[in-house]
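Q: Each chain is listed here by its residues.
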Amino acid sequence: MLKHMFLGLSLCGLLAAGPCLAHAHLQSSTPADNAQLTEAPKTLSLNFSESAQLAVLKLVSDGKEIAIPLDKTAKPGKAYNLTLPALAPGSYTVQWTAVSADDGHVTKGTFKFSIAG
Amino acid sequence: MVFTGWDAAAALAKALTYAGTLGAAGAIFFLNYNERLLRAAQRRSIVRSMAMLSVLAALASAAKISLLAASMSDDLAGMFDISFAGMILRAGEGRAAAIRIVGLILCGAALLPGRGWSRLACLGALLAAASFAATGHVHALMPNILPTLIATLHLWCGAFWLGALWPLLRTARDGDHAQVAALAARFGKIAVGIVALLIAAGTLLLWLLLGSLSDLWNSDYGRMLSVKLLLVAALLSAAAVNKLRLTPRVEKGEAAAALHLRRSIKLELILGGLILLLTAAFTTLTGPSA
Numbered sequence: 001m002l003k004h005m006f007l008g009l010s011l012c013g014l015l016a017a018g019p020c021l022a023h024a025h026l027q028s029s030t031p032a033d034n035a036q037l038t039e040a041p042k043t044l045s046l047n048f049s050e051s052a053q054l055a056v057l058k059l060v061s062d063g064k065e066i067a068i069p070l071d072k073t074a075k076p077g078k079a080y081n082l083t084l085p086a087l088a089p090g091s092y093t094v095q096w097t098a099v100s101a102d103d104g105h106v107t108k109g110t111f112k113f114s115i116a117g
Numbered sequence: 001m002v003f004t005g006w007d008a009a010a011a012l013a014k015a016l017t018y019a020g021t022l023g024a025a026g027a028i029f030f031l032n033y034n035e036r037l038l039r040a041a042q043r044r045s046i047v048r049s050m051a052m053l054s055v056l057a058a059l060a061s062a063a064k065i066s067l068l069a070a071s072m073s074d075d076l077a078g079m080f081d082i083s084f085a086g087m088i089l090r091a092g093e094g095r096a097a098a099i100r101i102v103g104l105i106l107c108g109a110a111l112l113p114g115r116g117w118s119r120l121a122c123l124g125a126l127l128a129a130a131s132f133a134a135t136g137h138v139h140a141l142m143p144n145i146l147p148t149l150i151a152t153l154h155l156w157c158g159a160f161w162l163g164a165l166w167p168l169l170r171t172a173r174d175g176d177h178a179q180v181a182a183l184a185a186r187f188g189k190i191a192v193g194i195v196a197l198l199i200a201a202g203t204l205l206l207w208l209l210l211g212s213l214s215d216l217w218n219s220d221y222g223r224m225l226s227v228k229l230l231l232v233a234a235l236l237s238a239a240a241v242n243k244l245r246l247t248p249r250v251e252k253g254e255a256a257a258a259l260h261l262r263r264s265i266k267l268e269l270i271l272g273g274l275i276l277l278l279t280a281a282f283t284t285l286t287g288p289s290a
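Sequences listed follow chains R and U, in order.
Take 1 as the starting number for the first sequence in this note's numbering and just add one per residue.
Take 1 as the starting number for the second sequence in this note's numbering and just add one per residue.
To be clear, the hints were calculated from the coordinates, so they are not data collected in a lab.
Watch out, some of these pointers could steer you wrong.
Below, simulated EDC-like cross-link-like pairs (lysine to aspartate or glutamate); rule was C-alpha separation at most 20 Å, straight line [to be verified]: (1) 72/R / 81/U; (2) 58/R / 74/U; (3) 108/R / 35/U.
Model the full assembly from the supplied sequences, consistent with the hints where possible.
A: As structure tokens, then:
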């Protein structure tokens with residue numbers, strides 16, 4: 001009886017195991033990748049596929065890095081909203097690095113947006 | 001799949017961690033089930049090498065964390081950034097490394113004489129090998145209790161098999177025919193059940209991690225996993241030749257068979273090393289459904 005219960009529970013556990021979503025990937029951002037904006041955004045939003053700790057965030061324009069304050073001690077999350085400094089018209093590249101909270105894997109990515117003059 | 005030299009170095013450190021940990025754990029198991037077959041000098045030699053493998057595993061674990069931190073910033077400075085290392089440790093790597101270090105320290109009990117110490121070393125070997133299941137893709141499944149248990153079983157069986165190869169080769173080099181035959185026969189007899197469990201657990205993990213069978217050729221993770229499966233098939237073939245053809249010939253006292261057995265174990269060691277390297281690569285650089 002106990003043996004059958006154990007087997008049943010084991011099978012339920014296996015079938016109930018959800019899909020592994022791999023490492024944390026950037027699902028969407030605001031501004032979006034390749035967005036062409038008419039006015040400078042005040043915030044930068046990043047939405048990850050799973051809970052992650054944002055470790056590095058660089059905003060680069062014309063080879064110059066624009067500092068964005070990042071709290072490296074903050075708890076991991078799926079969504080990040082960061083305040084941007086006043087941005088001048090031009091092309092910008094966002095470089096990010098995150099650590100998946102569940103499996104500890106490091107993922108990186110970049111996306112671009114531009115602000116019309 | 002885009003990765004830097006730091007990522008590749010972190011994967012290499014992970015492979016060394018696998019090799020050191022599973023090699024040390026497997027040696028502890030080997031010493032236990034061959035207690036009566038080994039001479040005192042052989043036992044001492046295996047225990048000393050096991051201790052060195054444990055140190056290698058601990059150092060490689062620390063190196064992997066530093067290299068992952070460097071990978072986050074893409075420069076050397078990242079290696080010394082405490083906030084990066086803290087993020088990696090909090091995300092599960094710290095838990096796994098702590099279990100591994102405790103397990104490896106307990107493995108050191110094999111250096112002391114007496115059955116009680118050797119039992120403690122066995123507990124350490126089980127902990128150290130299981131530590132890899134405390135983080136990673138399988139641990140990220142929800143709920144993760146049963147998948148983690150299956151991964152633990154897979155790791156224990158892997159440690160038993162791959163970790164026994166180097167002590168087996170060492171004793172095959174300096175042992176007499178009767179001893180080598182007895183050791184190989186005993187290993188082969190126990191390995192049948194262990195390898196069956198290893199394959200069963202591995203198949204279940206594949207089913208849990210892959211979205212569909214086509215992922216095996218449609219994703220980077222799946223393609224690297226497919227190469228691993230081919231290497232495992234080659235390893236199984238070499239093991240079957242050892243058990244079914246070479247061991248019986250060594251038992252009959254054929255000198256040439258002992259030489260072939262040593263070569264075959266070396267081939268198994270190389271294949272095992274490649275499997276660990278590949279596993280480290282695809283679990284570090286890619287992910288299922290990535």
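Q: So, for every hint listed, does it hold in this structure?
A: Structure-based check of all given hints:
1. 72/R / 81/U: Cα-Cα ~11 Å, so holds.
2. 58/R / 74/U: At roughly 13 Å apart (the allowed maximum being 20 Å), residue 74/U and residue 58/R satisfy the hint.
3. 108/R / 35/U: violated (50 Å)
Going down the numbered hints, you'll see the structure goes against just number 3.
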